[in-house]
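Undergrad: These are the residues of each chain, in order.
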Amino acid sequence: MYNNIIIENFTNPKNTVELTEHDFIINTGNPVCDDKISIWVKLEDNKISATRQKAYGCATSLATASIFSEYIKGKKIEDFKKNNNIEHKAIELLGELEPSQMHCYEIFSELFENLTQNITAHVL
Amino acid sequence: MNKLTNLQDLIFNLEEVYNLPAEKQNEIKTQLIIENFKYHYENNEFYRNSCNEKKINLNSIKTFNDLIKIPLIPVKRFKDVNSHLLLTKKLHEIEYEMRSTGTSGIPSVSRRDSKTVDNALLSLYAMYREFFKLSSGASLFLMPSTEDIPEMGMIKVLGMISGLTDASWYAVKGNKFKAQEAYDLLEKWSHKHTRHIVGPPFLVYKFIQFLQKNNLKIKLDKGSYIINLGGWKRFTGEQISRKEYNDLCEEYLGIPTSNVRDTYGLVECNSLAMECTNNQKHISPWVHYSVRDINDLSQEVKPGERGVLAILDPISTSYPTFILTEDLVYLNDTDVCNCGRNGQVVNYISRVRGAEIGCCAINLEKQMDTAEASESAKNCVIV
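These protein sequences, in sequence, are chains A and B. Note that the first sequence covers residues 0 to 123 in numbering that gives the first Met the number 0. Note that the second sequence covers residues 0 to 382 in numbering that gives the first Met the number 0.
These are calculated hints, taken from the structure and not from any lab test. Computed from a prediction, not measured in an experiment: that's the story for all the values here. Fair warning: there could be bad hints in the mix.
What the hints assert, rightly or not - Ranges between beta-carbon positions, derived for each pair: (1) 16/A to 295/B: 57 to 65 angstroms; (2) 19/A to 34/B: 41 to 49 angstroms; (3) 11/A to 11/B: 49 to 57 angstroms; (4) 294/B to 119/A: 50 to 58 angstroms; (5) 191/B to 105/A: 38 to 46 angstroms; (6) 80/B to 3/A: 16 to 24 angstroms; (7) 335/B to 11/A: 49 to 57 angstroms; (8) 48/A to 58/B: 49 to 57 angstroms; (9) 18/A to 75/B: 19 to 27 angstroms.
Unchecked claim - Lysine to any residue pairs mimicking SDA-like chemistry, simulated, CA-CA at most 25 angstroms apart: (10) 88/B to 97/A; (11) 88/B to 99/A; (12) 68/B to 92/B; (13) 172/B to 98/A; (14) 155/B to 28/A; (15) 61/B to 104/B; (16) 89/B to 46/A; (17) 61/B to 38/B; (18) 35/A to 353/B; (19) 78/B to 101/A; (20) 155/B to 133/B; (21) 205/B to 104/B; (22) 13/A to 45/B; (23) 35/A to 78/B; (24) 68/B to 84/B; (25) 114/B to 77/A; (26) 35/A to 146/B; (27) 78/B to 327/B; (28) 72/A to 81/B; (29) 78/B to 69/A; (30) 218/B to 155/B; (31) 46/A to 14/A; (32) 78/B to 7/A; (33) 187/B to 161/B; (34) 78/B to 61/B; (35) 88/B to 94/A; (36) 35/A to 354/B.
A virtual CB, placed ideally from N, CA and C, is assigned to each residue, including glycine.
Looking at chain A on its own, in the form it has when it is part of the complex (with noise of 0.2 angstroms):
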């Protein structure tokens, strides 16, 4: 039912460590399945340097806000005016999903693009 991908972050999720400071927060989530994803983001030096995160739902959801909050991490600002091509990303990030998890591939894009429009709005 779940990829190693998957099983990996839900049983050891990155970037659970809360953060002294932050710039921003972003959230989503999908009312069917009531997922909750926050995302803490520290920007300095032109770039993301920290991040957290914290979720609620399924295990599914729960792996991709430690995938997500790995991936941005270190990715710099200029980065965020390129098209990242995110649903491709999501797809190899993720790895295959099964037909009830699919909406973490939306959930993974709703963040980024929700960081892109905090990014935008702090630095760009």
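Add chain B to chain A, keeping to what the hints say.
TA: Okay, now just chain B, sitting in the frame of chain A:
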């Protein structure tokens, strides 16, 4: 009745098990709970560490009187971001996730492996068969379908009834309650099927209000049931009175109180307590309800006295279902019911003070109310 040694034996001989004296039932379920405790203790590091902190090990739990010592997992732990620690099975063995969401919007997610799903489905169907003997008829579900909300515990568990009847229809679509269509369908099914109404009390109540408003009454059939799950509290805080509800069901749906049956259960557990013809909620005989002193949770109160419910459910292999709920209940002070069944009977009182008011039904009502308010706002003409 000489081989009631495992769970499947109990499930497939439920009627006979309920007829056994309570002491015998306790003896049987004690063995199952001890075996299940041993399994989780040996295979779940997080749980074993919790036990060790309380100085409980496999030698500590040997008899029925020892069950009170089994360490309990507070039910809110299932909402934690690191609830994966509760799992005895690895995620790749998990087959199904089920959830319940209260007013906080944070879901409680319980994860079941294949064996737990087998056990839970078999035991729930066994209970439905034992208390309702359904194998035909038509079910009007006053709730959304599992297609609309696939992981909500209440909907999944009540929806199983559709597999026991010949026709079924779900009266909540896109967060809207289709009361007129529900009424029309009950009329259409008249003289063709024994009609049952299934859903949370607030939606049955809403349906009755629709009938009242439109001066309509229905006379359901001799073997019809109203089967409820989801509690009597509304998200507004209002409590639906059971007595008033029963009277309204009799007046507007033509169904006697003896066939208005409430059920009680938690998404995190694998069984439902179901009402008999005397409206007494019987616990599945393999499950143990232990009612704890609200001031000292390590102590049980006497039957008949109110306390916090702890549930010891030996069905699960995916996580230890030894759960301290946030519900205030009391057990009947007799193990014998006039319906002929023996064993524990639970009476729900309320949530404990300070606990989140919430369950699937309350969340559903909130969603429907929000959708209705948004629709009204859209249709509002500014003058």
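Undergrad: Residue 18/A and residue 75/B, beta-carbon distance inside 19 to 27 angstroms?
TA: 25 angstroms, holds
Undergrad: Going straight from one Cα to the other, do residue 218/B and residue 155/B come out at no more than 25 angstroms?
TA: At roughly 28 angstroms apart (the allowed maximum being 25 angstroms), residue 155/B and residue 218/B break the hint.
Undergrad: For the pair supplied as a hint, residue 78/B and residue 7/A, is the alpha-carbon distance within the 25 angstroms limit?
TA: 20 angstroms, holds
Undergrad: In this structure, is the beta-carbon distance linking residue 80/B and residue 3/A contained in 16 to 24 angstroms?
TA: 21 angstroms, holds
Undergrad: CA of residue 61/B to CA of residue 38/B, is that 25 angstroms or under?
TA: With Cα atoms ~14 angstroms apart, residue 61/B and residue 38/B stay inside 25 angstroms; holds.
Undergrad: Do the alpha carbons of residue 88/B and residue 97/A lie within 25 angstroms of each other, as the hint requires?
TA: The given pair, whose Cα atoms are some 20 angstroms apart, holds under the 25 angstroms limit.
Undergrad: Holds or violated: 38 to 46 angstroms for the Cβ distance of residue 191/B and residue 105/A?
TA: 43 angstroms, holds
Undergrad: Tell me if the straight-line CA distance from residue 46/A to residue 14/A falls inside 25 angstroms.
TA: Judged against 25 angstroms, a Cα distance of about 17 angstroms means the pair holds.
Undergrad: Take a quick look at whether residue 78/B and residue 101/A sit within 25 angstroms of each other, Cα to Cα.
TA: 22 angstroms, holds
Undergrad: For residue 78/B and residue 61/B, compute the direct alpha-carbon distance and say whether it is at most 25 angstroms.
TA: With a Cα-Cα distance of about 31 angstroms, the restraint between residue 78/B and residue 61/B is violated, given a limit of 25 angstroms.
Undergrad: Going straight from one Cα to the other, do residue 205/B and residue 104/B come out at no more than 25 angstroms?
TA: Roughly 24 angstroms between the alpha carbons, so the hint for residue 205/B and residue 104/B holds.
Undergrad: Check the following: the C-beta atoms of residue 11/A and residue 11/B are separated by a distance inside 49 to 57 angstroms.
TA: 41 angstroms, violated
Consistency with the previously given hints fails for numbers 1, 3, 12, 15, 16, 25, 30, 34, ordered from lowest to highest.
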